[in-house]
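**Student:** This is what each chain is made of:
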Amino acid sequence: MANQFDLDDDSVVVIVGSGAGGGTLANELAQKGISSVVLEAGGVFEFDDIENDEWGMFLKLTDFDKRYSAGGWHGAQNHPTLPNWLVKGLGGSTVHWAGVSLRFYEHEFKMRTVNGDIQNANVEDWPITLEELEPYYDRAEVKMGVTGKATGMPHLPWSNDFRVLAEGARRVGYTKIQSGPMAINSEDYGGRPACQQIGFCMQGCKIGAKWSTNITEIPAAEETGKCEVRTNCMVLKIEHDEAGKATGVIYADKDGNHHVQKARIVAVAGNSIETPRLLLNSASSMFPDGLANSSGQVGKNYMVHVNGGVYSEMPERVHIHRGTQVAGIVADEVPNNPDRGFTGGYHLEKLTLGLPVMSLFLKRGNGAWGKDLAEALEKYDYLSGVYIVGEDLAQEQNRITLHDSEKDQHGLPVPIVNRTPHNNDERMLKHAYGVMDKIHDAVGAKVTHHLAKYPASHNMGTARMHEDPDKGVVNKWGQAHDVPNLFISDGSVFTSSGAANPTLTIVALVIRQAEYIAQEMNAQNI
Amino acid sequence: MDFETKNPKPLKAQKDRLSRRSFLVKSILAGTSATAIVGAAGNVFAATLNEDQAITMLQIVQDIFPHPDFLPLSIYQDVLTGVLTEADTSEETAKLLSDGLQDLNARSVELHGTPYADVDAYVKREALLRIVQDSDFFQKLRWATWSGIYINPKAWPQFGYEGSSWEEGGYIDRGFSDATWIPPGPTLEERLKAVGR
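Chains as they are written, first to last, in our numbering: chain Y, 1 to 526; chain P, 1001 to 1197.
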């Protein structure tokens, strides 16, 4: 039974956001008997709202709140007001995520130790290791229903599109080729059905075979009576007392009325743009540069993964639109091997694009039209391709800032997403394009297209973890160095991006964080 | 690609512009006469856009995403009808289109000595459009054409794109892994074994 908590109830944990971080935290706390109020800026998507309509769902799910792209990447020109592809709604971006559930590699937690000082980057080690996180990865996989050994669920069957990638990869000598791990059921699991290869994972899974917090963690949390979810409630500011402890949040409800929800603890999980934005907007006389920002790192080190796409016309039909969108991963290039001319590694992930999105991304921007593009699209059914997911180095200049004058519907400064790729990104991408050319050539590709970076759905690093309060915003539990009862519970805490899609790591970190919160509450430390 | 011959655009031999127009209205708009569309309701529109302009726009939308041997002309006619209908009720749109066409034709006359629709080579028309591709005029027509083709279920079958699938139970029993020209993936037994079962 869903409960309701009083605005003055200062015993609750207020959780900002209901996605991978917020939704998971609410349920983990609820299962431990800890009460929370989840404030979700967006509304609810029901199963009836989910359609197998790529463009229709893009318009329906996408968070179109005003944001600007800035800096030296093509997005600043090609999609100046859509730097990111995120969902605002119950479940957050777990509604549209593809389900890829990769773990970080050991070296990805200690990029500074492994690679030393990298020029023009701000790379640091995480304050935790793979070994410390492994038990939580196991628990995250069981919770989410990730195919693989933790659940015993086999990886998904191979689609045509993945078989093309796998065979090409095999012919050029790669061996780490798998159709998982995916948080998409290959068998009935967790009260949810097995995948039917519908092909519209990123439009919201119509049958619930994919883990999303709106159909798993949130209802489970509400069921305990220990969690209240308020949708269409946008948190505007975190308040604190004279001692510098968070006391609650100011939020606007669906009618724009402002309320203050008191809290014992505030946990922010608004994704790596809204989270630092909220901290910056919560500046006060005690915290003039933004809440929890004595390090000056809030909003900085924004990472999105080195990414790009490679799609080729194959000699025979592929039917790329049939089947799970991203159940096929080649991991041979993930290890850190500076001999390749760059640090960090990358995954190659098979990725279905429907005709609507393929026609927008095969070429980019205002110039995406003409005979060449039209002819390439006439071979849509012969296309096969991948999404490149590589380590993006932290840089201070890549950051979320607030607009000087422009305000959103709540009167808060609009965020600006600044990004300029590091030279390492360019070298890695060039390598990955070269590898993909070879893979596709090996299976007889006729024409190959290199696609530029997409609007980012993987957003990380704007309130990063660091042992040293001068170099990071939160400690290894995601607890703010400056404000002991303020936690960051999303990908903002990532110290480095790794080459893994971030969701599984967010969930593992939050399971671990919930244990710590419970322990510290019991000890009356917070 | 047999683009130039299939592209329905003015025949150079026809010097008489009126008869050319009459020909085009009959053959290109296939029963939906430009006059009927132009004269439908909007005086504002009628005052700013004429048949020649409609014909030029039909050429432009075909040049933006040309699929001459692939899609029926009706797909492009529907795009044009949509644009004209909007112009009919929006003075702003009518002016945007009219001004854009005037600018494009002026550039065309300067470079090639003839209005856009009479430029005979696709590459020359494409080059003209590339010059104006960042304009609101061009982008309006580009998005209209894009919508009329790539998010139009009527056009999808030709591309082999099958649209919504959940009603049919997805593709698990309908060919998600039916390719015979590449090796199959692992069997269920092999996949189970890989996770210790």
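In case anyone wonders, no lab produced these hints; they're calculated from the structure.
Among the hints, erroneous ones may be present.
Okay, derived cross-link-like pairs now, SDA-like style, lysine to any residue, Cα gap no bigger than 25 Å in a straight line [what the hints assert, rightly or not]:
id : chain 1 : residue 1 : chain 2 : residue 2
1  : Y       : Lys371    : P       : Arg1107
2  : Y       : Lys60     : P       : Gly1163
3  : P       : Lys1193   : Y       : Lys371
4  : Y       : Lys430    : P       : Ser1090
5  : Y       : Lys379    : P       : Val1123
Covered stretches of chain Y, going by a simulated chain P footprint (3 or more residues, C-beta under 8 Å) [said to hold, decoys possible]:
id : stretch
6  : 42-53
7  : 141-149
8  : 315-321
9  : 369-378
Treat the numbers as computed from the prediction; the structure is a model and nothing was measured.
C-beta: ideal position from N, C-alpha, C; glycine also.
**Student:** Please list, smallest to largest, the hint numbers that this structure does not respect.
**Tutor:** Checked against the structure, the hints that fail are numbers 3 and 4, while the rest are satisfied.
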